[in-house]
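Q: Residue numbers (this note's numbering), protein chains in the order written: chain Z, 1 to 267; chain D, 1 to 279.
Honestly, the hints are just simulated from the structure, not real lab data. Do not take every clue at face value.
To be verified - EDC-like mimics (lysine to aspartate or glutamate), calculated; alpha carbons at most 16 Å apart, straight line:
| # | chain 1 | residue 1 | chain 2 | residue 2 |
| --- | --- | --- | --- | --- |
| 1 | Z | 213 | Z | 169 |
| 2 | Z | 108 | D | 177 |
| 3 | Z | 109 | D | 185 |
| 4 | Z | 79 | D | 41 |
| 5 | Z | 108 | D | 185 |
| 6 | D | 192 | D | 177 |
| 7 | D | 192 | Z | 105 |
| 8 | Z | 79 | D | 188 |
| 9 | D | 173 | Z | 246 |
| 10 | Z | 76 | D | 269 |
| 11 | D | 192 | Z | 98 |
| 12 | D | 173 | Z | 87 |
| 13 | Z | 79 | D | 38 |
| 14 | Z | 109 | D | 188 |
| 15 | Z | 76 | D | 177 |
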Amino acid sequence: MNKDIIKVKNIDKTFVTEKGQSIHALQGVSLEIRNNDFVCLVGPSGCGKSTLLRIIAGLERASAGTVVFQGQPVTKPDKRLGMVFQEYSLLPWRTVADNVALGLEFAKKPIRERRKVSKRFLDLVGLADFATSYPYELSGGMRQRVAIARALANDPDVLLMDEPFGALDAHTRILLQRELLRIWEANRKTIVFVTHSVDEAIYLADRIMVMSKGPGKIRDIININMARPRNRANPLYGQLSARILDMLEEEVQGDLPLLEQKVSNIV
Amino acid sequence: MNLKSLYKFAISMLVPLFLFGLWWYMAIQIKNPVILPEVGEVFRLLFNPMTNLISMGSLVSNIIVSLVRVIVGYCLAVLIAIPMGILMGYYSLVYNLLNNFVGLFRPIPPLAWVPLVLAWFGVSSLATLIGLEQGQWYIYLNNVKLSMIFIIFIGAFFPILTSSIYGVHSVNKTLIDSALVLGAEGGEIFRKILLPAAAPSIVNGMRTGLGVAWMCLVAAEMLPGSLSGVGYLITHAYTIARTDIVIAGMISIGLVGALLDYLFRLVEDKKFGWQRLAR
Ligand SMILES: Nc1ncnc2c1ncn2[C@@H]1O[C@H](COP(=O)(O)OP(=O)(O)OP(=O)(O)O)[C@@H](O)[C@H]1O
Ligand SMILES: [Mg+2]
């Protein structure tokens, strides 16, 4: 049995915009994700994190290179590869419960099972009381939790999560981080998690992949060898955090003069 | 009715009441029923819609004939425009294939088709189409001329097509992506994502289309071979200087059009509340 559930080999991605401009988003990205791994992707905005996740999910074609999932090249979306999107993705005409059960509906599961499963996962994300509400009646953070419940309800082997907790308050965020770890440990899932928060990455990940920009590539892979649940007061925590933040700072350094220029132009 | 809605109702009645007052006054001043008949005359016609007018049948029977024509042409437009619009909105190949064609034909006013349509269809009707030559059904079906159907079809077709294309086109791509990663197949994407997401826009186009179809009616009923319908009633009443019937016919067209529009809005509000409330 192959230990690497996902192998990303030499991915290159160039977007050609409608105006004919080409944008080199990813260059020579290679990485392996082991079964039951919890990997966090961090990197400056626009470095291609979402693009990489979409390519792994089969939603986007790489310009070169391949993604291999359980020994098979990924060419189209696969329900064993679940995804939580960075942007709003609930169906506005469906109730929360029906949104969560969407994947089960595609799998032609009977209504009773759909109800049961959607209730279980709504309980999990703390939204049981909103089962019959519509997405527009929820706050941004609540919607994101529904999207997480929807992905989990489909029981994928791999969860690709694109800044899922970005819109949450600090308290809910910490709660859901813990919950996610619990689900991950209980169900032996593999998780690839994009985040802007270095703190979050250190709290969650087995390995943190730091990406760099222009075009996006993997700059460094950092193993986090702390026992869970991790204590944010642990000095190691702070050291790791400082190290990664330094890397990210270097990454955006190049942008700064530009920014200053813009500011002075405005002033 | 509470005080606030009573107030709203009163406000909304001010302009119509003023216009009726003006009409009333002007009619009395002019004293010529061909230029402007008295309000009472017209309302007598409207409140007795079953009486036979200038031996052309009653107001109601003419409205029904007109409605049948509109519905036939309109349904044809719906049946063709919606699938075509969905395909054009989803597949860029189909869009590129048909877009220029659509863009060329859309600006042509339905009325401009009249000469061509007459040359093509003459006075043949639904009855001709199915080979019926006598009997009760012949009388009904012969009232629905192919030329009229075509004009109404053209009027309704483009608003429905355009809004179907737009509706599908503007479906949030993330919704489709999220269905794909949840294991949706092609057909399910259409039925469970594209159609419901585009439905508000499509229904809106259907509403506009019905309005345009109803407006094309009078033009269609002026065509040769037409012997009934509100449009015909109006033109015929005009030739014998019965302006009261002309105005009664106009008001009926307005009322029926507004009623149809209202029914559509009711459906929209009930079914697509999520769209208005989203965001
Ligand atoms: N569909 C597209 N067409 C053209 N360019 C695109 C497209 N999608 C992404 N890009 C470009 O690719 C680059 C990477 O985008 P991506 O969304 O992957 O960044 P990201 O790392 O997820 O950023 P963020 O942290 O802000 O979400 C950007 O420069 C973006 O402009
Ligand atoms: Mg992103």
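Q: If any of the earlier hints don't hold here, list their numbers in rising order.
A: Hints 1, 2, 4, 9, 10 and 13 not satisfied by this model.
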